[in-house]
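Quick one: dock chain against chain with the hints and give me the complex.
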Amino acid sequence: MTKPGACLAAALFCAVVAAQEVPTRDVIVSVVGADGKPVPDLRPDEFQVFVDDRRIPVVSVTRSDVPLSMAAVIDMSGSSRLAQSRFADERSESVVDGVLKDATAADTARLARVGGMDLFISPPLPLRTQPFTTRISEAHDCPVSSSPIWDAVAAAVHALTGDPHRRLVVLATDGRATATTLSVADAAHYALQMQTAVSVIDVGVSLTIPQWNGEVAVIERAKALRWLAATTGGAYIPDGPALRVRAAVDSYPLVRRAIAARRHAYSVTLRLPAGAGNALSVIVTRPETTVLAPSLLDAPPVELSASLLARVGDWEKCK
Amino acid sequence: MFPARFLWLSSGCLAAVLASPASEQAALRPGGELIRVHATVRSDEGRLIPAIGADQFEIRVDGKPVPVASFSNDAQALTLVLMVDLRGGMRDRLLWSRDAGLALVDALRSGDRLRIGAFGRESQLSPGFTGDPSAVRRTLMEELWPEDRPTFWSDLYAGLDWLTEESGRRAVVAISNGGDVDTRIERQLTSTVMTDALAGGVIIYAIGAKDKGLGVFRPIAQRAGGGHIAFSDTADVRAVMREVVNELRLEYLIGFVPPVLDGRTHDLSVRVRLPEATAVAARRFTAPAAPK
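Respectively, the protein sequence lines represent chains L and Y.
Going left to right, the first sequence walks through residues 1 to 319 as this note's numbering numbers them.
Going left to right, the second sequence walks through residues 320 to 611 as this note's numbering numbers them.
These are computed hints drawn from the structure, not numbers from a lab.
Be aware that one or more of the hints could be misleading.
Stated by the list, open to error - Each computed SDA-like pair below joins lysine to any residue, with the alpha-carbon atoms no more than 20 Å apart: (1) Y/Lys-531 with Y/Asp-501; (2) L/Lys-223 with Y/Glu-461; (3) Y/Lys-531 with L/Ile-209; (4) Y/Lys-531 with L/Gln-211; (5) L/Lys-223 with Y/Arg-456; (6) Y/Lys-531 with Y/Leu-414; (7) Y/Lys-383 with Y/Pro-578; (8) Y/Lys-531 with L/Pro-210; (9) L/Lys-223 with Y/Leu-414; (10) Y/Lys-531 with L/Asn-213; (11) Y/Lys-529 with L/Gln-211; (12) L/Lys-223 with L/Ser-206.
In this text, all values refer to a predicted model and were calculated from it rather than measured experimentally.
Only chain Y is shown next, with the shape it has when bound in the complex (with noise of 0.2 Å):
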């Protein structure tokens, strides 16, 4: 069980989604706390989809419609933490995971914003956020040194940290075949990572080799709303790049009032009424409590 990844606006934060006139149900409910959903639509060949409108999408929380309060589709600078797995499982992936990282850097835009990290004993490969291309490229070429060290969960969730202070749209893009979940503190660090991430509005991205595949990150992924993506030896990497971050970028914000304010996980759809078109997001979330 796991909650829908959402961004939390407090009270005082309205003023600025009533800005949309979409916003005004929001507006109508003292109190209320609004909800924030990222969500990508694909067509049924895979493609993104952008410029849909807000009357578009439809929500249901635990089966029940709920109105759009808030709508955006405006690209934003991304904020990305780029994590490369240099266990033992994808040792002979070194290369073809450096040439993905440099590949996502080749896709950046101006604005957009990157640090790099590491599945193994030295998670920290950057200093820190840079928007330098050469930076990124330099630790890219210089700074990849394989590991044996078993970790992946822990230096998942230092990924999802660093990006706790960032602005943009956020999310940690990690190259690897998946982490292990067969013990409890694995368990435990698994649902760590999502709740933090979920409730952080961190998109996590998974992108592994076709042939190794990615494990059960591809449906902690899936669950958070983010994407995952396992690319054969064939394809063009530069290209499977540019579509991750412009799925990435090409994100929908979507705001909701939760009907209850009740503390509790609830399940949730996010539709949209196009034919051959599906809109992925989060399914659950979890409502705030009501004040005291």
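Okay, chain L solo, but in the shape it has when bound (with noise of 0.2 Å):
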């Protein structure tokens, strides 16, 4: 650091010597407007970027379309299955096609599953239906008797982090998670720490339950959900509906909002002052825009255990 005394002599030098030390910090930012579609052409003061509660000067934001690394999760867990498997598995392939529908040539993308706990992540595949859907049926007979989400998700994460480009995770669950070694808090830090997006398509509802002694047990699994997204800066998508009156909602054009939204985000390079903080929050001005960013500038580290991931492996057809 410049010692200010140093500074009286040659004032405007040490200003610009001053602005260059200080750190700056990219951060992916999607901005969605009322439609569910990516807003184009926002300016840069348009952005306000606060830190800890603390106005962040955004020295530039662009805008590009990349080609996304994706992993699709799927929860096949008894919860999510309910008794129409068949309904469960026209929903994977909806969550699919959303993902295959804009897909472009330089994505690449997996599937992974969550269902007992084993943690099957499939290599990128071809951007076709069929090599997806393959799987899916595949996975019929797959233990359901644990939902280890969140290690799914960081799982997922892990396996993208060799893939090249703008990462996303595409989780479909009804958030019910069971027998996890990681917290969801976890799963989020370690997304984080990979600059992986989580955006969630909740296919579950929540619950209240009478005890009792007249209290209420609330069965509020989609604040978990909620908050993976947010604090990723993923997409979180209620889908509540397909489970309500036991059907398939085509997932479809939800996972294609989710996916455009971080791949056509903007990149937000902030200028950061020494102590600035790390709770991250983003303004966008523009009325009637909702913007997904990481809530955090750093996330806690988190390290995988042998053990997890000594329960990776490629796609493999249940037995």
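Here you go:
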């Protein structure tokens, strides 16, 4: 750091040096309009960025359409599958349709599933429907005794780290996590660490259950899903009616929106003064817009245990 | 008819037992098989009685006394499966069950390990056994989802299965109002659960709310030499769970040599020669067949 006293003699020079020494940071920010589509024409002055409630200068804003490295993580566990697995399969295929619909040749896409303790993640698949649907149908007889959702998200993020483009996990789940070794916070922080957004298609419903003593148990699984998406800069898209009417709702337009938001995101360069803090908040002043941005500049470090990684394997047909 | 909970010690394992003087009689029986039975002793007021000597116990097989061949009342580390009932009948006790589970976790000591399971569609709530209380608490706080799937015995069986390869004093502690035995399959499953628990030396301990009761779960836990408790809403749940854990920990492990090796089930009686005290233990056991 330049000493203030030394700057008295050459104030202008020191000001320039000081400005150069302040670190900058790029943050990926998606902005969608009321129609759910990316807003393409925002100006830098329409962005307001706060770190720990302190306004931070925006150095530049650029927008470019970039290829994506994606993983569709589909919950095929007992609670998500319900009795009618046909609908669950249709929903899974619908998510895949959404991933593939606007895929460019440069994109990569993997398929991962939640259900049982093994974490199956495919290698990047050809961007056609059939390789994905074949794998979905292969999951028919997979164990449904647990839903380690957060472990699966972290494993998918881990798999994407070797992939070349802007990274996105699309998670379709009811949020009823069981048998997880990681908490939702661990999964979110790991995704942040690896600069991967997690967009969530929430296919579950929340419940309130009166208790014997007059209390009410609130089965609020959506809160964790919403938080996961918000923390990592992904989209949270409720698709609860799918479960309520026990029929498949076409998720694919929702998935397309989540993917488009990530692909057409802005790169916002910030100038971070010393001790700027960590809690990030991005506001866009244009009306009727929704901002998707990470909620932390730096996530607490999370390391995936060897035992978790040992559970990860290529997609296999369940026996 | 349920055989007693016992733990096989093959002839090769007798060396460990021989370390205690009480096991000498077992050694005098070449090719014999030692059977160990878990027992707790309660006063008439229901208090657990610790530190009773081997000479205070009396074992009878089919009404005839047999000598105590091995004896231990050492506190052992617990390896527990906590099963939480998330089915319809316990829906209005979801928070109660969670709090009871948390109280059980608080009652555990360093060295104890726990895994959480559920009666429901997804019976596996913990990824494995852990001695980390914070991991178990997180599971109880975040991963109890009410279920409608009416399974009980198969999930209980899953809980037993997780303990197969584990060490320490092993028990499935189930917070529930009991399962049904209406169908043939349910009756078969009940029998399988009992047989495997007894054969594997795993305790089944039933915990319930007083107003709901324990149904058929209570006699099954009792027959296996396990325990049960149904407590009222006004009870101090933490104190209750401390007592449960103490009970699991304060067991006596008594070994005896079966008088006959016929592969059949025999009546077993474990008594304690103390006034106003009762031993709770398995009431039947299956003797090994004689070597051919």
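Quiz item: Among all the numbered hints in the text so far, which are the ones the structure does not match?
Solution: none
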